[in-house]
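Position chain B with the ligands relative to chain A; hints supplied.
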Amino acid sequence: MMQQALPAVSNDPLLDVDNLVVEYPVGNKIVHAVSGVSLQIARGETLGLVGESGCGKSTLGRAVLQLRRPVSGRVLFDGQDLTAMQGDTLRLMRQRVQLIFQDPIASLNPRRRIGDIIAEPLIISGVKDAAKRQQLVDEALSAVGLDPALVVGRLPHEFSGGQCQRICIARALVLNPEFIVCDEPVSALDVSIRAQILNLLEEMKARYGLTLLFIAHDLAVVKAVSDRVAVMYLGRLCEVGPSEQLFAKPAHPYTALLIEAIPVPDPDVRPAETVPVGEPPSPISPPSGCRFRTRCPRSDQRCSDEVPELRAVASGQFVACHHPLI
Amino acid sequence: MTESTLLSVEDVIVDLPTPRGNLRAVDHVDLTVGAGRTLGVVGESGCGKTMLSRAILQLLPKKAKLSGRVMFDGQDLLQLSPEKLRKLRGRSLAVVFQDPMTSLNPVLTIGTQLIETLQEHLELDMVAATKRSIELLAAVGIPAPEQRLMQYPHQLSGGMRQRVAIAIALSCEPKLLIADEPTTALDVTIQAQILDLLAREQRRRHMAMILITHDLGVVAGRTDEVAVMYAGRVVERAPTPALFKKMRMPYTEALLAALPKIDAAPHTPLPAISGRPPDPTRPLKGCSFSPRCRYAWAQCHVEKPRLEEADSPGHQFACFRPIDASASAGA
Ligand SMILES: Nc1ncnc2c1ncn2[C@@H]1O[C@H](COP(=O)(O)OP(=O)(O)OP(=O)(O)O)[C@@H](O)[C@H]1O
Ligand SMILES: Nc1ncnc2c1ncn2[C@@H]1O[C@H](COP(=O)(O)OP(=O)(O)OP(=O)(O)O)[C@@H](O)[C@H]1O
Ligand code: SF4
Ligand code: SF4
Ligand SMILES: [Mg+2]
Ligand SMILES: [Mg+2]
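Protein chains in written order, with the numbering used here: chain A, 3 to 328; chain B, 912 to 1242.
Pulled out of the complex, with its shape left as it was, chain A reads as follows (with noise of 0.2 angstroms):
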């Protein structure tokens, strides 16, 4: 597999992805989801992780935890490789990273009260101590704005998506973490709520300390949260970089179509008609060379022939392109 140019953000990052490729075999083809992909994301910071449908982020998520475990790749934590362990050992880092996901109501067991929803993680790592484990599943309540006393007894039907949202950052949160995967965190809730829940995640990472890697399809989203922004196209990187760089100054072509995209709530941005550049390939037989060339206005025959590398083009900016926009 084709690799990757490894962009340096920092000598001691605390997670360290090297050349990460996951499949998944369907019948008797395989879907290459994650191709290949190197990232690193320094202390305490956010990285965003952008991209379609079906591009492989929630792959790249999980097999970052080894939910997922990967075809080949490293994924350092700590500078410790997580690809590497197995049972107690993997058991014990798991309780420093957490994943938040997508749909809040349906990642909650609808037979358990939310107190001990909150308490589980706590059991499984033996915290034994029941007035301790009540402390910590209260602590992490009142964090996300919800009263324990009020909340412990009832069950997750009873709660809305934005209020499920919350219970399942607490669960995040209970063990105190300090890496949490965000595999779309919003994007079930309405966006009167999803303001509040972001600027939530945006309050504990600052109370905690906590390193993030937030997935989302929506640019916008993505950039109110987010250190730096990682383009993800077919299972491969486009383009890496700091956030309003990246936004003022796209590199890749994709990355300019993302923004182009974007509806702005102004009336006086009349929309510009979008090039027809339909839809993305399958993951099963991905394009030679460039992933991107089958709907790229720049594409060449180079673009077919060799598959482009990450490489920088501004300070912290790289891009995976042969006909980069600077």
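No lab work stands behind these hints: they were computed from the structure.
This structure is a prediction, so every number in the text was calculated from the model and none was measured.
Beta carbons are placed, not taken as given, at the ideal position from N, Cα and C, and that holds for glycine.
Mixed in with the good hints, there may be bad ones.
Chain A regions said to be covered by chain B (calculated; three or more residues, Cβ under 8 angstroms) [unchecked claim]: (1) 209–221; (2) 241–255; (3) 262–269.
Then chain B with the ligands, alone, in the frame of chain A:
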């Protein structure tokens, strides 16, 4: 404005019996859409957008109680026989739903579905209907349309399916198309393509359209007029440029402010709306937005504001303490 009125919704109420009691999904709604015009209907999940469009289409759940009047193209839809309504829905009144699978039949090929619609409503013969189907699929941007006729909906991507649903909706040259969150389930790049497609076909056919969405960004550049709904009611209504220039109702303003802006710096805290909409089976006595409204005063909790004319033409809002333009400029 010399456009003639194509649709007028007059004092429409939709009540749904539920185990928790009566749920008023649509509460005294008045709307009009002129021929060839586009109305955007915006509001949060559960505010009644779909029930309103189903009331217009006369496709409400059986247990629903509807009152008011829906005048379409000179006819009172509530008085039409089921047979006449069915004819009307296929021809001059069409709909595209959020999930294209709601309007597509999974066990029939794309071709069969298109051709049958054309044969039934336009009485075309097989050859003419097939030719027309291929033209329609090409018009909505489906590559190799001849081959697609043989395919089933599940063999297409979500974006392609929505294009087919649009092709079927457009097939009989409707006068009004109701698009209920046609792009919510789709990716941004596909979303923009579908919205462009709808806008292009609308202009070309001089068709009127109701575009339902929860995203103020989607309606901004693509509608003539916007109605904002909250808890079953229209709380503000205005020509699109006027609305964005001068929002009067605090909910509209809050909805816009809560959207993450692409030109804002990272980590800018969002002005979130606290709380959530009221339980629709427990209607509030006063303004439905009062528990969340930062401008609320005593009157708001005991009395319902009525939709009133603002100072600019066609602009209406329901609020006791409307935002004045100078105050909202910075929001
Ligand atoms: N368990 C699985 N078995 C087979 N294929 C899978 C499986 N999970 C995901 N895939 C495929 O792998 C690819 C990447 O999927 P993934 O869920 O990671 O994408 P995503 O970017 O998270 O998309 P979305 O935005 O829709 O959540 C897709 O083509 C998907 O269909
Ligand atoms: N079949 C039904 N029976 C009872 N109540 C219903 C039914 N369908 C919808 N409702 C309720 O009616 C109200 C209005 O729902 P509606 O589907 O019109 O909202 P919406 O604005 O379209 O929301 P969304 O953005 O989620 O599609 C909601 O409170 C909803 O729970
Ligand atoms: S490498 Fe070629 S096809 Fe790929 S994005 Fe760049 S110009 Fe387009
Ligand atoms: S009527 Fe009162 S509560 Fe309702 S929106 Fe206006 S100020 Fe707010
Ligand atoms: Mg996903
Ligand atoms: Mg709806």
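Hints and how they fare:
1. Taking a C-beta to C-beta cut-off of 8 angstroms, the region 209–221 of chain A contributes 3 residues in contact with chain B, enough for the three needed, and the coverage statement holds.
2. Check result for the region 241–255 of chain A against chain B: holds, 3 residues qualifying (beta carbon to beta carbon below 8 angstroms, three or more required).
3. For the region 262–269 of chain A, the stated coverage by chain B is satisfied: 8 residues place a CB nearer than 8 angstroms to a CB of that chain, which reaches the threshold of 3.
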